[in-house]
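Visitor: Residue numbers (our numbering), protein chains in the order written: chain A, 1 to 306; chain B, 1 to 256.
Treat the hints loosely; a few may be bogus.
Claimed, not checked - To spell it out: a stretch of chain B is covered by chain A in this simulated footprint if at least three of its residues, at any positions, have a beta carbon under 8 angstroms from a beta carbon of chain A; those stretches are: (1) 28 to 35; (2) 64 to 73; (3) 93 to 105.
Treat the hints as calculated values from the structure; they're not laboratory data.
Each residue gets a CB set at the ideal place from its N, CA and C atoms; glycine is no exception.
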Amino acid sequence: MQLLQNLINALQLGSFYALIALGYSMVYSILMLFNFAHGDIFMVGAYIGFGVATGLIALSKMGALAMPNWLILMLTVIFSMFLTSFVGMFVERVGYRPLRDAPRASAAITGLMIGIILETGNLILLGAEQLSFPSLVQTATYNLGGIYITNQKIMIVALSIGLAFALHQFIRRTKWGMAMRAMAFDYVVVPLMGVPLNKIAAMTFALGSALAAAAGIFYGIAYPVLDPYMGVLFGWKAFVAAILGGRGSVVGATLAGFLLGFIEIFVPMIFPSTIRNFIAYSIVLLILVFRPHGFFGEPYSARLRL
Amino acid sequence: MSLLQIDKMTHYFGGLRAVHNYELDIKPGQVWGLIGPNGAGKTTIFNLITGIYQPTEGKIILAGSELNGRSPHEIASMGIGRTFQNMLLWRHMTVLEHVKMARYSKLSYGLFGAFFGTPRRQKEEAESEEKAYQLLSIMGVDQFVDQIVLNLPYGAQRRVEMARALAMEPKILFLDEPTAGMNPEELVQMMKIIRNVHNDFGLAIFLIEHRMKVVMELCERIQTLVFGEVIAEGTPEEIQNNPKVIDAYLGKETVE
Chain A
1 MQLLQNLINA
11 LQLGSFYALI
21 ALGYSMVYSI
31 LMLFNFAHGD
41 IFMVGAYIGF
51 GVATGLIALS
61 KMGALAMPNW
71 LILMLTVIFS
81 MFLTSFVGMF
91 VERVGYRPLR
101 DAPRASAAIT
111 GLMIGIILET
121 GNLILLGAEQ
131 LSFPSLVQTA
141 TYNLGGIYIT
151 NQKIMIVALS
161 IGLAFALHQF
171 IRRTKWGMAM
181 RAMAFDYVVV
191 PLMGVPLNKI
201 AAMTFALGSA
211 LAAAAGIFYG
221 IAYPVLDPYM
231 GVLFGWKAFV
241 AAILGGRGSV
251 VGATLAGFLL
261 GFIEIFVPMI
271 FPSTIRNFIA
281 YSIVLLILVF
291 RPHGFFGEPY
301 SARLRL
Chain B
1 MSLLQIDKMT
11 HYFGGLRAVH
21 NYELDIKPGQ
31 VWGLIGPNGA
41 GKTTIFNLIT
51 GIYQPTEGKI
61 ILAGSELNGR
71 SPHEIASMGI
81 GRTFQNMLLW
91 RHMTVLEHVK
101 MARYSKLSYG
111 LFGAFFGTPR
121 RQKEEAESEE
131 KAYQLLSIMG
141 VDQFVDQIVL
151 NLPYGAQRRV
161 EMARALAMEP
171 KILFLDEPTA
181 GMNPEELVQM
191 MKIIRNVHND
201 FGLAIFLIEH
211 RMKVVMELCE
221 RIQTLVFGEV
231 IAEGTPEEIQ
241 NNPKVIDAYL
251 GKETVE
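Between the sequences and the hints, there should be enough to build the whole structure, so can you do that?
Guide: Written out as C-alpha cells, the structure reads:
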C-alpha cells in the first residue's frame, strides 16, 4: 500500500524535475552551455502563473467574465507558458547571445548572475513574503483500494507527460526541431543551409522556459507556496536529471526526472528522511560513474569547423 | 545579365591581405573553376561570398541583390548552395534528414501549422519529402535514406553532401574540392554527377579543385588564384598555356 502511495508521489515530484530538466537539456544540447538561470525561470514562471491566475479569478469574481475553475486553470497554464517564453528569449538575447563565442565558463557564470538577478528582482518587486498559490482545482480524493489519489496529482502527472511528449514530437517532426538537432553539433554548416541560428536559439529558450512555467504552476498547485528562492535547489536537481538523461535527449531528461523523483521518495522508506538527499544523490553519482554520458547521451564529438 | 558578380573585393585578416581586388562575373548556367596553390585564398573567397566573412572592400551581387552585410542563412536561402572541402556532414543525422534540413527556408508553415497539422503543413512536408527522395535518387544514394550518414562509404557521403546543397534549390552551386580524397572510380562518378547536375538543373557551378583533369574537363572558365590575387583567367586552353599559371602553379611538367 505504502509503496503504491509513494509511487504516485514520486510521479508527481518527478514531473517537476522532468519538465525543468527538459529546458536545461535542450539549451545544453544546442548551445553547449548550462543555463543556470533555468531554475529561476521556473520560479518566475510560477509567479507569472500566480499573477495570471489571480487576475483571472478576480475577473471572474467581478462577474465581468464568469469562468469555471478548470477554464481558469487551463488559461493560466497557457498564458503563463506564453509569457514566460518571452522571459526565456530575453535571457538568451541579453545574457547568452553576446557571449556565444566567449569561453564556456563566462557563459556559465552569466547564468548564475541572471539567476541571482531574477531572484533578487523578485524580492524587490514583491518582497520576501511567501505567496500562496490560489487554489484552482477543487481537490477530490479517490480511494483505490486503500491508496489515496487526488485529482490534482493525476492532472499534474498527465499534463507533464503530455507536454514532454509534445516537445518530443516537435523536435522529431518539425523543421525547427530538426534544426535544433543539427545545431547540437554544428554552427557552421547549419546557417549555410539557410537556417537562422539566432531564431533557433531563441526558440529553444522559449520552449524550455514555457515548460518551466508549466512546472512552476503545477508546483504552485501541489505545494501552494511560492518564494523567490524556490527555483534554486529544484533547479539544481533538475539540472542533475538533464545531465543524467543524456545531452539533448527529451526521452532521457524526462525519464531521469522521474527517476530522481522515485529515488527521492523511496529512499526515506528505508533510510531516515534526514539523509534522504545524501543517499539519493550518492545513487545518482554512482549511475553517472558507470554511464558518464547519461542514459541516452552520445559521446561528445567535436563541433564542425570550416 | 550576370548571376553572380563581384566587384573589386578585398579582404584582410588583421594585417594580412588574404584576397585582393577579386573580380568575378558568372552568367546563369556557366561552370567556373577556381584553382591555385594551397593557401591562395580559394576557400576564403567562398566564405566571403557565402557570408561567413564580410569583405573589407568590394561588392557582391547575386541575381541583382547585394549580398554585403547579409547573414549566411539569408545568403544561402537567396540561392547559394555549398559543399565543403572536408565534407561537413551532421554525423548523428540520417541521409534523409540532411536533405530535409536544407529545405528549411522552403517550408513556410508557421508554429500554428506545426502544432495543429494544417493542410498547408502536410502539403509542404509531403512535397519536401518527395523532393528529397528525388535528389537522393539522382545522386544514387536513395538506398541509404534512413541510415546515419557516418555509416556510408566515402563517395556516397560526398554525394549526400551534394544532395543537401541542391535541396536548397540554389541558383548557383559552390563545390569546394568535390573530388578530394576520392579513388579513381569515385572520381569518374562524381564528374558524371556534376555534369548531370549542370545539364539537368541548368545550374551555374563554381568549383574549387586541385585535380587538373576535373577542372579542365568540367569548366568553361577558370581563374587562377595566387596569394589572393587572380593571375590568370580564361578558358581551359588559355589557362593551360598561360606561362604565369605554369610557373606559379602547374609546374613545368606537362598537364595530363
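Visitor: Are the hints correct? Go through all of them and say.
Guide: Consistency of the hints with the structure:
As drawn, the stretch 28 to 35 of chain B meets chain A at 0 residues by the rule of a beta-carbon pair under 8 angstroms; below three, the given contact is violated. Remark: the stretch 64 to 73 of chain B is confirmed as covered by chain A, as 3 of its residues place a Cβ nearer than 8 angstroms to a Cβ of that chain, reaching the required three. Using a Cβ-Cβ cut-off of 8 angstroms, 8 residues of the stretch 93 to 105 of chain B lie near chain A, which meets the minimum of three, so the contact claim holds.
Violated hint for the displayed structure: number 1, the only one.
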